[in-house]
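Chemist: Put chain B on the given structure of chain A with help from the hints.
Protein sequence lines correspond, in order, to chains A and B. The numbering used here numbers the first residue of the first sequence as 163 and each following residue consecutively. The numbering used here numbers the first residue of the second sequence as 71 and each following residue consecutively.
You may find that some hints are simply not true.
Stretch-level coverage of chain B by chain A, calculated; a stretch enters the list once three of its residues show a Cβ under 8 Å from a Cβ in chain A [what the hints assert, rightly or not]:
(1) 82-95
(2) 99-108
(3) 217-223
Heads up, simulated SDA-like pairs for lysine to any residue below, C-alpha to C-alpha not over 25 Å straight-line [claimed, not checked]:
(4) A:K444 <-> B:S125
(5) B:K127 <-> A:E448
(6) A:K183 <-> A:E403
(7) A:K183 <-> A:R410
(8) B:K156 <-> A:W280
(9) B:K127 <-> A:V416
(10) A:K444 <-> B:I129
(11) B:K244 <-> A:I167
(12) B:K155 <-> A:V521
(13) B:K127 <-> A:S443
(14) B:K156 <-> A:R410
(15) B:K160 <-> A:R555
(16) B:K220 <-> A:I167
(17) B:K127 <-> A:S451
(18) B:K156 <-> A:R552
(19) A:K347 <-> B:E236
(20) B:K220 <-> B:I157
(21) B:K160 <-> A:Y529
(22) A:K180 <-> A:R165
(23) A:K212 <-> A:I343
(24) B:K232 <-> A:M205
(25) B:K127 <-> A:R165
(26) B:K156 <-> A:E411
(27) B:K127 <-> A:I343
(28) B:K155 <-> A:H522
(29) B:K127 <-> A:E411
(30) B:K220 <-> B:Y259
(31) A:K476 <-> A:E411
(32) B:K155 <-> A:R554
(33) A:K180 <-> A:R356
(34) A:K425 <-> A:G449
(35) B:K160 <-> A:A525
(36) B:K232 <-> A:R165
(37) B:K156 <-> A:A519
Simulated DEER-style distance windows between Cβ atoms [what the hints assert, rightly or not]:
(38) B:S136 <-> A:K347: 22 to 30 Å
(39) A:S220 <-> B:N172: 52 to 60 Å
(40) A:E200 <-> B:K198: 54 to 62 Å
Please keep in mind that the hints were generated in silico from the structure rather than gathered at the bench. For each residue, glycine too, the CB sits at the ideal point set by N, CA and C.
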Amino acid sequence: MPRVIALTGNHAVAYAVKLAKPDVIAAYPITPQSPIVEKLSEMIESGELKSSMIRVESEHSALAACFGAAVAGARVFTATSSQGLLYMHEVVHWASRARIPMVMALVSRTINTPWNIWPDHSDFVDQRDAGWIMAYAMDNQEAFDLTLQAFKISEDPSVYLPVMIGIEGFILSHTAMPVEILDEKQVEEWLGERKQPYIVDGSEPLGLGGLTPPEDTEDMFYGIQVAMEKSKDTIRRVDREYGKLFGREYGGLVSCYNCSDAKYFAVAMGSWSGDLIEATSKLRDEGYSLGVVRVRFYRPFPHEDLWGTLRGAKGVFVFDRAISFGAWGPIYTDLVAGLLQYTSKLPPVVNVVAGIAGVHVGAEDFYEVLKSLIGQVESGLEHGYFKWVRVRR
Amino acid sequence: MLYEILFYGRGGQGAVTASHILVQAAIYENKYGQGFPFFGAERRGAPVTAYARVSDKPILRRGVFSRADFIVVFDHRLIQLGFLKKIQVKSNGALVLNASSNVDIKRDLVNAEGRVHVYVVDATRIAKDLGLTVAGWPLVNTAMLGALVKALPVVSLESTEKAILEYFGPRAGKVNSEAAIRAYKELEYVGEV
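So that you can see chain A by itself, here it is in the shape it has in the complex (with noise of 0.2 Å):
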């Protein structure tokens, strides 16, 4: 029976890992991910679930170990955070390249150096032309729902690319909220067994790897940017399908709130997009026209759906968690690319990024700018620009 308890996003990620019933996990301690792997060892060792765990020197050999079980026909979970992914970056991209579905949690924390444990959304987007499919939670919940689906978009196969869900660390991975924990029989008829392309058991001869000519790479690497694309039915039947049979439907790629009608739009991705919505509504209590547009996934990019909901907008207000060095924020970066597809006449697209290294936003500080920048655009601003808000209290 499916049961509500105050869970951790730490934990909330190792609850839906046990309902996927991996055999191999595979991992290295890290700060603020360790809670999920611990969890998921509690869990072996008390017989409640079936998984070998191999213990590894460094987050290299972990992915390293999750990739050569997945290729022997395994289904392999691993969890890492910041220098962990950057230290694992060979062989995130042998995983899909290589075509072979798997799961990883990012508890996100900001990249050294100076050294600090705080999140923001660096180490994620760090990884964004891996060929992951890459997904954004909000909260604790949808970080249960994300994992699972995860193991079915991976599988499915017109995907057959790997899977990362980021959370941010701390202020999810460290946070006791309410989840909703699925009845395990339903969970394992809905995922069914494993699928993958190709198996390497040694039954066949079968090469991985070897040199191969500059044409027939490039099929190969254009096969993953068909399997993106295909990826977004997936993803879309893939939520409707856990709506209804689980009862929570996000809105596939993207999530939206109070959209229908509004004349300005923020966009955001992840846990922030809480306090960005309680600011919105306070603003549209005050009479301001005011939607959500929740980035739930990054990779592929859901240029459709934000054409879908952004066309006819007056402004669009793009909040990043990340800074591309020397340029803008990478949602913004994206989402205008994406917009441009559409159109030419682009209303003022506004780049604030913020949050950087942990800092906290919270609904007051999205307010006051929101504030700001719809003032701006309603006094004539015609053409967006980038602006890195530092917060201080």
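Modeler: Chain B only, in chain A's frame:
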């Protein structure tokens, strides 16, 4: 309604656990909650902070807050160290202190927006009486939870007991819920500062 509650203690006294149990108790009453530590590296014995929010609606705001409705202090000596000044107590908010009833709280040690009510309970004695100690440290968190829900009925004592049992399991749960019940009964209202 949205209540923001801060727990001040020392690393090892169970402030974070208290915040998690409060969320579980809120769930039993179809309410919503968040419970979390100060985001950082904590050490046993050092002053630590845990945060909780309880509401009858889903809680969208996240992260730490600098104003609280209630502050629960596990070790009243932290007040003398000036820790209470870091967080503002909202008008008509309260302090729930682990202290004996003759404790004297000076207003200049409190960052008060307006009136602040003071409650005390001797949670250290309750914990010691019940044998709730680890390495000589009295574990006062469940007693302080009982005291909190008496002063601020954000959840019932019954839901608190149930959440304690869920968290600790039957054996440790029983003695911890006893601590909550005793503190609930023994809580004293001292007055305003």
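Chemist: Next step is simple, just say for each hint if it's right about the structure.
Modeler: For each hint, the structure was consulted:
With a threshold of 8 Å between beta carbons, the proposed coverage of the region 82-95 of chain B by chain A holds, since 5 of its residues qualify and at least three are required. Given as covered by chain A, the region 99-108 of chain B passes the check, having 6 residues with a CB less than 8 Å from a CB of that chain where 3 are the minimum. Counting residues of the region 217-223 of chain B whose CB lies closer than 8 Å to any CB of chain A gives 0, which falls below the minimum of 3, so the coverage claim is violated. A threshold of 25 Å between alpha carbons decides the hint, and for K444 of chain A with S125 of chain B the separation of about 17 Å falls inside it, so the pair holds.
For the proposed pair K127 of chain B and E448 of chain A, the alpha carbon gap of about 21 Å is at most 25 Å, so the pair holds. Proposed proximity of K183 of chain A and E403 of chain A is supported: the alpha carbons are some 20 Å apart, at most 25 Å. For a cut-off of 25 Å, the pair hint linking K183 of chain A to R410 of chain A stands: about 21 Å separates their Cα positions. A C-alpha spacing of about 20 Å is found between K156 of chain B and W280 of chain A, which places the hinted pair at or below 25 Å, so the restraint holds.
A hinted pair counts as satisfied when its Cα atoms are at most 25 Å apart, and K127 of chain B with V416 of chain A qualifies at roughly 23 Å. For the proposed pair K444 of chain A and I129 of chain B, the alpha carbon gap of about 14 Å is at most 25 Å, so the pair holds. For the hint pairing K244 of chain B with I167 of chain A, the CA-to-CA distance comes to about 20 Å; that is within 25 Å, so the pair holds. As the CA atoms of K155 of chain B and V521 of chain A are separated by approximately 21 Å, the hinted pair is consistent with the 25 Å bound.
Using a Cα cut-off of 25 Å, the hinted pair K127 of chain B and S443 of chain A holds, with the two alpha carbons roughly 14 Å apart. At most 25 Å may separate the alpha-carbon atoms for a hinted pair to count; K156 of chain B and R410 of chain A exceed this at roughly 40 Å. For the hint linking K160 of chain B to R555 of chain A, the alpha-carbon distance of about 18 Å falls within 25 Å, and the restraint holds. With a C-alpha separation of about 23 Å, the suggested pair K220 of chain B and I167 of chain A falls inside the 25 Å cut-off, and the hint holds.
Under the criterion of a C-alpha separation no larger than 25 Å, the hint pairing K127 of chain B with S451 of chain A is consistent with the structure, at around 23 Å. Taken as a hint, the K156 of chain B and R552 of chain A pair is honoured in the structure, with Cα atoms around 21 Å apart against an allowance of 25 Å. Proximity of K347 of chain A to E236 of chain B is assessed by CA-CA distance (about 23 Å); at most 25 Å being required, the pair is judged to hold. A hinted pair counts as satisfied when its Cα atoms are at most 25 Å apart, and K220 of chain B with I157 of chain B qualifies at roughly 22 Å.
Under the criterion of a C-alpha separation no larger than 25 Å, the hint pairing K160 of chain B with Y529 of chain A is consistent with the structure, at around 21 Å. A threshold of 25 Å between alpha carbons decides the hint, and for K180 of chain A with R165 of chain A the separation of about 15 Å falls inside it, so the pair holds. The suggested pairing of K212 of chain A with I343 of chain A holds, with an alpha-carbon distance near 19 Å, which does not exceed 25 Å. The straight-line distance between the Cα atoms of K232 of chain B and M205 of chain A is roughly 23 Å, inside the 25 Å bound, and the hint therefore holds.
For a cut-off of 25 Å, the pair hint linking K127 of chain B to R165 of chain A stands: about 19 Å separates their Cα positions. Annotation: proposed proximity of K156 of chain B to E411 of chain A is violated, straight-line Cα distance about 41 Å (limit 25 Å). For the given pair, K127 of chain B sits about 20 Å from I343 of chain A by alpha-carbon distance, which is consistent with the 25 Å threshold. Only pairs whose Cα atoms come within 25 Å are accepted, and K155 of chain B paired with H522 of chain A is accepted, the gap being roughly 20 Å.
Taking the CA atoms of K127 of chain B and E411 of chain A, the gap is about 19 Å. The hint holds against a cut of 25 Å. Straight-line distance between C-alpha atoms of K220 of chain B and Y259 of chain B comes to about 10 Å, which keeps the hinted pair within the 25 Å bound. The hinted pair formed by K476 of chain A and E411 of chain A fails the criterion: a straight-line CA distance of about 28 Å is larger than 25 Å. With a C-alpha separation of about 19 Å, the suggested pair K155 of chain B and R554 of chain A falls inside the 25 Å cut-off, and the hint holds.
Proposed proximity of K180 of chain A and R356 of chain A is supported: the alpha carbons are some 15 Å apart, at most 25 Å. A distance of roughly 12 Å separates the Cα atoms of K425 of chain A and G449 of chain A; the hinted pair therefore holds under the 25 Å criterion. Distance hint between K160 of chain B and A525 of chain A is fulfilled; the C-alpha atoms sit about 18 Å from each other, no more than 25 Å. As the CA atoms of K232 of chain B and R165 of chain A are separated by approximately 15 Å, the hinted pair is consistent with the 25 Å bound.
Simply put, K156 of chain B and A519 of chain A have alpha-carbon atoms about 22 Å apart, close enough for the 25 Å limit, and the pair holds. Hint check: S136 of chain B to K347 of chain A, Cβ distance near 46 Å, so the stated range 22 to 30 Å is violated. Separated by about 57 Å at the C-beta atoms, S220 of chain A and N172 of chain B satisfy the suggested range of 52 to 60 Å. Range check, E200 of chain A to K198 of chain B: about 31 Å between beta-carbon atoms, so the 54 to 62 Å window is missed.
Going through the hint list in order, the structure does not satisfy hints 3, 14, 26, 31, 38, 40.
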